[in-house]
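Novice: Okay, here's what each chain looks like letter by letter:
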Amino acid sequence: MNALDTRSTNSVPGSGLKVESLRFAYNGTPVLLDINLAIAEGEFVCLLGPSGCGKTTLLRLLAGLETLSSGNLSWKGQPITGPSLDRGVVFQDYSLFPWMSLINNITLALAKSHPETDKKWRLNLAEEFLEMVGLADAARKHPFELSGGMQQRVAIARTLALGSPVLLMDEPFGALDPVNRARLQDLVLDVWSNASPRKTVVFVTHDIEESLYLADRVIMLGSSPGRIIQELRVPFARPRLRRTLAGSPEFQALQEQIAERFRRDTLQRIEAESVVNGEAEGI
Amino acid sequence: MKAIMAESRITSSTNVPTATRLLAKQPAKPSGVRRNFWLRLQGKEGALFLLGIVLLWQFVSTSIHFAGAYLFPSPVVTLKALWVSLPELLKGTWSSLIVLIPGYALAVVAGIVWGLLVGTIPWVSRMFSPFARFASPVPPTIYIPYAIALLPTFRTAAGFVVFVGAFWPVFLNTAAGAASLPQRYRDNARILGLKRTEYLWRIVFPASLPHIFSGMSVGLVFSFIMLTVAELFGASAGLGRFVQLYADYADYPRMVAGILYTGAVVLVTMELLEQIKRRALFWVK
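Heads up: the protein sequence lines correspond to chains H and Z, in order. First residue of the first sequence: 1, per the working numbering; consecutive thereafter. First residue of the second sequence: 1, per the working numbering; consecutive thereafter.
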């Protein structure tokens, strides 16, 4: 894990990622409403919610890829106004440039995080990163020659090469089969817990089990418009063992509790809508 | 009766997938002479069609006697003429390419660079697009007389019109490709904090290559059109000049040979570009 330490970050305790009364509208339609969220440095947070709840939008706002309508967004007290090397992003797919070999995809990131170095040094380091995700042999291959899981490994390696203290992950394993998904979850946990200082991870998912396996804290988002409906600290000690965890009654109870909360939110929304429609009919 | 028809329709519709599978270069299945015949034809239709044309040509030029028959030299006569004129044609190819290559190359470079800028920078696009909309549809052959009058030598004039003919397709396609850059590439480039030149050269340019290559193909065809037309006007050598010369002498075997030869040159050049394209676009599925 040497490669992880090459870009040291001076960690100021306390601040972390802050979202204050954030509102985001797209063409006048509110997508996110009054989001308040504080994520500590080194914390692993999952944004959990059904599709269309704006969790990806929230992640893109944190990345600086979208501009908020109102409110405040900051990392370590600095307002987020655009993308920065502080915050690396892994998208669901297409994080890599298909015309570059894997190693060139990584050196492109290294050229940004280590601008003062020469090419040879970057190539060596890039190989180290690929080795870290178990793909050293495929360095000269191109993304289209790889399976989706392997591509996501490289995408993770690239984000690590950026040296960002914050990892933003947008349903990164949504398109993977269960086996690969589990492997990559473990890879992310490995990366997260072995880096010093610890990375701050914001992980978007719609999979309750995934969020409970990975996160310190689960932020549940409801839809239309997107807003936080509940926060939940995950009580399980680390390292978590997938098999014992999934079989435990606590895990299952929590899973059911979260599912129930989402069901209730959906029902409330439907009721609210039917009330509105009913009145409209009366008029 | 209806039931039988329905049934036959069903069987024929279930046969469709088999047929398509067979057509996809699979060994022929012995199921009916008719289908077998078409399957054995696989990939040979093109050659047969060409053979048909040559036979028709042979027939028309030797068996039918009409007033303008001298305008249709037989394939054998044309072939002989081609053989005899080969040294002259090769020389002509050289003097054509010496004009075409610099003009085309310059057009490709300028079209790509300018297209990338126009496709990515809004104010450059706002500045240039009205002009492009006016200038690009002008048939470039219309410039030829003016270019010949304006420029000191025939070569520079021909090179210029080749440039104009190839520039617009390359530019328009590049600009369209750059402007339609998928959001995911832009997001990734922003995440990595790429500078504008890096962004243009390492992201927008390769991502636009499929568009750029279609522009280059069209541009190449235009280059040949512009060049041969320019040569008809006032060259002292070259492929277009060759055809014009023997048409003036009413030496139709040589003229037809010149046309066929020019076709072959264009074909080879296009194929060359196609090979380059296939290499460069290895990553496109």
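These aren't lab readings, by the way, just hints derived from the structure by calculation. Even glycine gets a Cβ: it sits at the ideal position worked out from N, Cα and C. Be aware that one or more of the hints could be misleading.
As the list claims (entries may be wrong) - Below, in silico cross-link-like pairs of lysine to any residue (SDA-like), each with a Cα-Cα straight-line distance of 20 Å or less:
(1) H:Lys76 / H:Glu43
(2) Z:Lys285 / H:Leu123
(3) H:Lys119 / Z:Lys195
(4) H:Lys18 / H:Leu68
(5) H:Lys141 / Z:Arg202
(6) H:Lys141 / H:Glu127
(7) Z:Lys285 / H:Glu127
(8) H:Lys76 / H:Glu260
(9) H:Lys141 / Z:Arg279
(10) Z:Lys195 / H:Asn104
Unchecked claim - From chain H, some residues computed to sit far from chain Z (all C-beta separations above 10 Å):
(11) His142
(12) Leu189
(13) Glu273
Unchecked claim - So, partial list: chain Z residues that the calculated Cβ filter (under 7 Å) puts toward chain H:
(14) Ala47
(15) Arg184
(16) Arg190
Novice: Going straight from one Cα to the other, do lysine 285 of chain Z and glutamate 127 of chain H come out at no more than 20 Å?
Specialist: Cα-Cα ~26 Å, so violated.
Novice: Regarding the pair lysine 141 of chain H and glutamate 127 of chain H, is the alpha-carbon distance no greater than 20 Å?
Specialist: The hint holds at about 13 Å.
Novice: Mind verifying the non-interface call on glutamate 273 of chain H? Its CB should be farther than 10 Å from each CB in chain Z.
Specialist: It holds; glutamate 273 of chain H is separated from chain Z by about 31 Å at its closest Cβ, greater than 10 Å.
Novice: Check the hint pairing lysine 119 of chain H with lysine 195 of chain Z against an upper bound of 20 Å on the C-alpha distance.
Specialist: Distance ~18 Å between lysine 119 of chain H and lysine 195 of chain Z Cα, so the pair holds.
Novice: Given the hint that lysine 18 of chain H pairs with leucine 68 of chain H, does the C-alpha gap stay at or below 20 Å?
Specialist: holds, 14 Å
Novice: Is the hinted pair lysine 76 of chain H and glutamate 43 of chain H satisfied, with a Cα-Cα distance of at most 20 Å?
Specialist: Measuring from Cα to Cα gives roughly 14 Å; hence the hint holds.
Novice: Starting from lysine 195 of chain Z, check that the Cα of asparagine 104 of chain H is at most 20 Å away, please.
Specialist: holds, 17 Å
Novice: Report holds or violated for the interface hint on alanine 47 of chain Z, using the least CB-CB distance to chain H and a cut-off of 7 Å.
Specialist: violated, 34 Å
Novice: Verify the interface restraint on arginine 184 of chain Z: the C-beta must sit less than 7 Å from at least one C-beta of chain H.
Specialist: holds, 4 Å
Novice: Checking a non-interface call: every C-beta of chain Z should be farther than 10 Å from the C-beta of leucine 189 of chain H. Is that right?
Specialist: Fine: 22 Å to the nearest Cβ keeps leucine 189 of chain H off the interface.
Novice: Assess, step by step, whether the Cα of lysine 285 of chain Z is no farther than 20 Å from the Cα of leucine 123 of chain H, and give holds or violated.
Specialist: At roughly 27 Å apart (the allowed maximum being 20 Å), leucine 123 of chain H and lysine 285 of chain Z break the hint.
Novice: Would you check the hint for lysine 141 of chain H and arginine 202 of chain Z, treating anything up to 20 Å between C-alpha atoms as holding?
Specialist: holds, 18 Å
Going through the hint list in order, the structure does not satisfy hints 2, 7, 8, 11, 14.
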